[in-house]
Amino acid sequence: MSVKKYIGDAWKGAASLLKGMRRTGYYFTHHKEIITQQYPDNRNELDLPERFKGEVVMPHNENNEHRCTGCQVCELVCPNGSIKVIFKNDLMPDGKKKKAIDKLVYHLDMCTMCNLCVENCPSDAIKMAQTFEHSVFDRNKLKKVLNKPDSKIMDGVE
Amino acid sequence: MYRETEIIKDFSTDGNGDMIINVGPQHPATHGVLHLVITLNGETIKKIEPHLGYIHRSIEKMCESLTFRQFIYVTSRMDYLSAHINNHACVLCVEQGMEVEIPPRAQVIRVLMDELTRIASHELWWGAMAMDLGAFTPFFHAFREREAINDIMEETCGARLTMNYNVPGGVVNDLHPNFQKRVKEFLELYKRKVHEYDELLTENVIFINRMKGVGVLSAADAISYGCSGPVARGSGVSCDVRKIYPYEIYDQLAFDEVLETDGDSLARYKVRVKEMNQSIKIIEQLIDNIPEGDFVAKTKNVLKLPKGEYYQRVETARGELGVYIISEGSTMPYRIKFRSPGFSNLSVLDKIARGGKIADLIAMMGTLDLVIPDIDR
Amino acid sequence: MTKEELKLNITEWSPASTFDEAGQWLNINVEANEFLPFMQQLRHSEALCFDYLFCLTCVDWKTHLTMVYHLSSTKFRHNVVVKVKLDRSKPEIETVAHIWRTAEFHEREVYEMFGVHFLNHPDLRLLILPEGWEGKNPLRKDFEDPINMIKL
Amino acid sequence: MWSFSEIANNLHQWLTGQFNDTWTLIIEMVLAGLAVISLFAVLGLVLVLMERKVSAWMQVRLGPNRVGPKGMFQTLADTVKLMIKEGVTPANADKLMFNLAPFLAIIVAMLLLAPIAFALNFQLWDINIGIFYIAAISSLSVISILMAGWASNNKYSLLGAIRSGAQMVSYELSAGLSILTIVVLVGDLKISSIVASQANGWWIFKGHIPVIIAFLTFIVAATAETNRAPFDMAEAESELTAGFHTEYSGMKFALFFLAEYVNVFIVCSIGAILFLGGPMPLHIGNWEGFNHVMDYIPSSVWFFGKTFFLIFLIMWVRWTFPRLRIDQLLNLEWKYLLPISMINLLLVTAIAILKWHF
Amino acid sequence: MGASSLIVLIIAAIAFSGIAILISKLVLKATVNKQKGEPYECGVPTQGKTWVQLNVGYYLFALVFLIFDVELVFLYPWAVVAKSIGWIALVEIVIFFFILFIGFLYAHKKGALKWM
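Protein chains in written order, with the numbering used here: chain A, 1 to 158; chain B, 1 to 377; chain C, 1 to 152; chain D, 1 to 358; chain E, 1 to 116.
Everything labelled a hint here was simulated from the structure, so no lab data went into it. Computed from a predicted structure; not experimentally measured. Think of the CB as a built atom: it goes at the ideal place given N, C-alpha and C, for glycine as much as any other residue. Treat the hints with care, since some could be wrong.
[To be verified] To be clear about the criterion: a stretch of chain E counts as covered by chain D if any three or more of its residues have a C-beta under 8 Å from a C-beta of chain D, and this derived list gives those stretches:
| # | stretch |
| --- | --- |
| 1 | 3 to 11 |
| 2 | 14 to 27 |
| 3 | 36 to 50 |
| 4 | 70 to 80 |
| 5 | 86 to 97 |
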């Protein structure tokens with residue numbers, strides 16, 4: 001190893017190190033480059049894109065009515081079996097019995113947000129919500145019933 | 001999980017200074033639950049034995065009971081860093097049997113998303129590898145750019161990591177109106193920041209010394225061990241599926257297959273860094289030329305693949321992913337096999353790590369870019 | 001080489017093998033007893049040079065098992081699929097781990113998932129399944145796991 | 001102008017007026033003990049916070065900002081957390097050694113405080129072999145690491161301890177040689193005379209390029225001596241999970257942590273004393289007005305300012321570079337630093353004999 | 001304060017760490033279980049002995065260091081008086097370093113400075 005090469009190596013190495021230090025030094029002094037978001041503080045300003053897939057929800061109107069007919073397409077199409085439809089028999093005004101959903105059970109813990117249920121729903125009864133704070137202490141709390149208690153099917157939805 | 005009796009029989013520490021040490025499943029450098037049983041002499045590695053299966057979900061078995069529309073979404077969880085490309089392989093394989101014309105717009109969208117995913121994956125790899133080597137700062141800098149990609153993904157696909165954007169025949173929904181603007185912003189950001197990567201790592205003398213000549217993999221070994229992706233290309237094996245067996249519109253695009261001939265960790269590192277630039281090149285070509293038209297082809301609601309065998313290979317961020325579907329003519333695959341790049345790339349670890357130091361192992365694992373769910377499937 | 005050329009070449013030195021051209025690649029059915037020399041010829045023949053084993057798997061057809069080898073050549077870029085029928089009750093086949101090193105891990109995977117015994121394999125042990133795994137091989141069609149499997 | 005030394009003198013006079021000699025001594029000892037303990041605690045808190053803020057700003061983050069104004073009390077919260085954690089002793093560990101090691105680490109760090117000049121004429125013990133004392137005591141700190149690593153009965157710890165053994169003994173050489181350059185120039189080992197010799201200018205300015213080289217060597221060696229990245233072989237969290245203190249938890253871990261930071265402070269203060277004049281203010285030639293203004297700043301401020309500047313330098317290095325491999329680390333020492341500092345010492349000797357320095 | 005400060009410092013160090021550990025002992029009630037006593041090895045029980053005979057390479061480093069460190073100690077008194085002695089001191093130390101350097105080269109050639 002010649003002396004020239006030895007010194008050259010040492011110098012080149014030191015120069016490359018100084019370059020890296022210049023870069024970090026730049027960020028140390030330029031606080032405007034900081035990209036951190038103060039998450040729980042900025043909850044109100046957070047805007048999630050409208051396509052964000054957070055969880056499956058079933059919209060209800062003001063009369064506590066939903067659009068689910070209980071056709072079970074979502075249950076069939078789900079890759080993970082995270083939707084279960086439980087039926088009951090509604091008594092219609094004319095005395096006939098009509099099949100309607102009792103509970104639409106949704107297992108958020110099994111859901112992969114693939115959107116297949118929403119796409120395949122013939123009556124647009126379910127949609128994806130823009131929520132993302134799903135953490136709970138008990139896994140059972142992730143098992144959700146989508147239709148509200150005593151809710152009914154909307155008129156005109158077949 | 002481990003074979004206690006066997007190992008103690010084989011390598012009892014009878015005064016030769018050998019030490020059996022477990023790296024993983026809970027180790028900061030394995031990035032997942034990879035378990036390596038390492039025989040050490042001093043600091044020198046004598047043997048590495050991977051033990052897998054900590055997160056094996058048997059996706060192949062799961063897919064046998066899912067329809068052709070459903071099984072695609074399970075595969076996002078294999079190599080979660082290139083989830084979109086996994087899905088892409090699956091839909092391509094299904095489309096082979098469907099004989100359906102994919103609209104050009106859908107093809108371009110898919111390729112754009114593929115390349116964005118590839119950049120995001122390499123970005124994460126870059127940061128995580130630097131962190132393994134002890135430099136923490138690059139990790140955060142890499143995440144800054146990766147976050148921009150994730151935001152684009154979130155806006156268009158509705159999710160940040162496992163996008164589930166592909167469906168047989170095209171993509172789920174059209175591009176977001178903001179897409180082009182956002183991607184251009186990202187390109188600008190990337191170009192402004194990319195020289196920092198060189199300053200922080202690529203030119204750093206410590207980094208070069210850590211990587212150079214470490215874990216040398218010869219071209220013949222790379223082929224024999226079935227390596228693919230940047231691992232094989234670092235050894236000078238031309239294996240880019242996008243070039244050799246082009247799918248979608250890759251044959252119409254101008255980009256180079258990055259090849260390095262040294263076969264050491266530094267070569268693998270350089271391949272990935274240059275690959276990011278190639279992906280940028282592809283995105284630049286496409287972003288202003290997205291054709292108008294449908295984003296999804298009309299397909300039957302219930303998909304049935306004709307009886308036969310279908311194999312589709314794509315280039316993920318880690319290498320060649322193969323999807324092998326055997327259909328019996330029903331709505332579900334009879335048997336499905338995923339040839340994951342990580343599995344073959346992992347098998348080479350023992351070969352290249354022998355004789356190296358334990359610190360070299362970190363560099364090698366970093367440049368092999370192991371994603372454990374991809375290996376375990 | 002095209003499918004036809006490959007077929008001609010292979011028929012020359014292995015007349016017993018049968019072909020199936022339905023898929024995108026040439027499928028060759030080989031008997032288990034002449035499997036190893038066949039594979040060696042594929043790998044070492046100058047004109048074929050199948051040096052890249054990119055997929056190795058097994059299919060359970062309920063009556064028998066089929067080993068499927070997807071081979072490719074990095075030199076000529078042609079592909080071929082080799083299939084070997086195995087007895088389901090006592091599946092045994094010669095290993096190819098010394099021809100293509102990647103087969104070592106893939107064969108270990110097939111060994112635990114399908115129960116295929118690879119003769120002369122350098123290190124045939126469980127890779128993915130936990131030590132002391134008892135019971136059936138998970139990827140066989142008759143495998144049921146009442147606890148972990150989700151039935152739709 | 002008030003200064004530490006005046007306060008100390010006044011206190012001493014007041015105490016001698018009140019009590020007899022023995023009691024004065026005892027009270028002074030207690031006060032000194034309390035002072036160093038509080039210095040220790042404050043240093044730990046401040047340095048950890050500083051490290052976290054520096055690293056955050058370099059990594060385009062904000063850093064701790066929740067506990068207290070601007071996250072000032074974050075380290076206090078961390079301390080409380082570490083305090084209420086259980087200190088587990090592994091079942092197969094060598095219990096005596098295992099529990100003794102953190103004490104030893106703290107004792108070594110504490111002993112090193114003795115000859116440091118925190119202000120002009122303010123030292124606990126102005127020993128006449130001050131520099132030699134520091135070199136001797138600081139080499140003890142490797143023993144605590146070796147003890148901790150070996151006693152843990154953990155393979156990672158053992159590897160970390162052995163690595164750190166080889167590393168620290170190696171770097172002691174170039175650290176010693178770079179210290180010697182100043183000793184040659186001053187001709188005394190006493191800290192106070194080293195400080196006094198820089199009244200007309202700091203050695204880094206007075207001593208030409210060789211002293212600057214010695215200074216850089218010292219910084220590198222000091223980083224390695226204190227086991228900090230990029231020389232943190234003993235911890236190397238991505239290779240050895242946590243190295244020699246893998247098995248330590250709770251307060252015992254906190255003591256190692258604290259000792260590390262105090263060691264950083266000590267080597268930086270030694271660097272400041274040797275090369276940057278310690279508590280001496282900055283004087284430039286004949287600029288009377290400027291020198292006067294500089295004199296007005298208390299000497300302790302000068303000392304802490306210089307020390308913290310060096311600490312910042314070490315942190316800057318830590319958060320920029322990847323870790324070296326152990327053989328490269330030793331190569332750097334034996335192939336580069338040691339020959340360079342040996343030749344450098346000869347050059348400095350020539351300069352000193354020729355009286356070329358200012 | 002003089003040499004008595006050493007006693008103060010040692011007592012302060014022991015008191016400081018002792019009190020800190022004592023407080024943490026008092027604050028919490030430790031539970032006992034078997035897993036806690038196991039050494040951490042990434043969540044897998046340790047295999048084989050930890051205290052094995054290590055490679056002699058580690059020992060060589062210590063030996064080489066010992067030689068150099070003793071020489072370094074000799075340098076301290078020299079450094080103090082070097083300036084007053086003058087050129088003789090420089091000549092002397094060059095000879096000293098030369099001998100040391102030959103030893104260093106020998107160790108290097110023998111591979112003692114190669115990490116095993």
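Outcome of the hint check:
1. Coverage of a stretch by a chain is defined here by at least three residues with a beta carbon nearer than 8 Å to that chain's beta carbons; for the stretch 3 to 11 of chain E and chain D the count is 9, and the condition holds.
2. Only when three residues or more bring their CB closer than 8 Å to a CB of chain D does the claim for the stretch 14 to 27 of chain E stand; here the count is 11, and the claim holds.
3. Counting residues of the stretch 36 to 50 of chain E whose CB falls under 8 Å from any CB of chain D gives 9; the rule of at least 3 is met.
4. Figure legend: the stretch 70 to 80 of chain E, annotated as covered by chain D; annotation consistent (5 residues with Cβ-Cβ distances under 8 Å, at least 3 required).
5. For the stretch 86 to 97 of chain E, the stated coverage by chain D is satisfied: 7 residues place a CB nearer than 8 Å to a CB of that chain, which reaches the threshold of 3.
Consistency note: the structure conflicts with none of the earlier hints.
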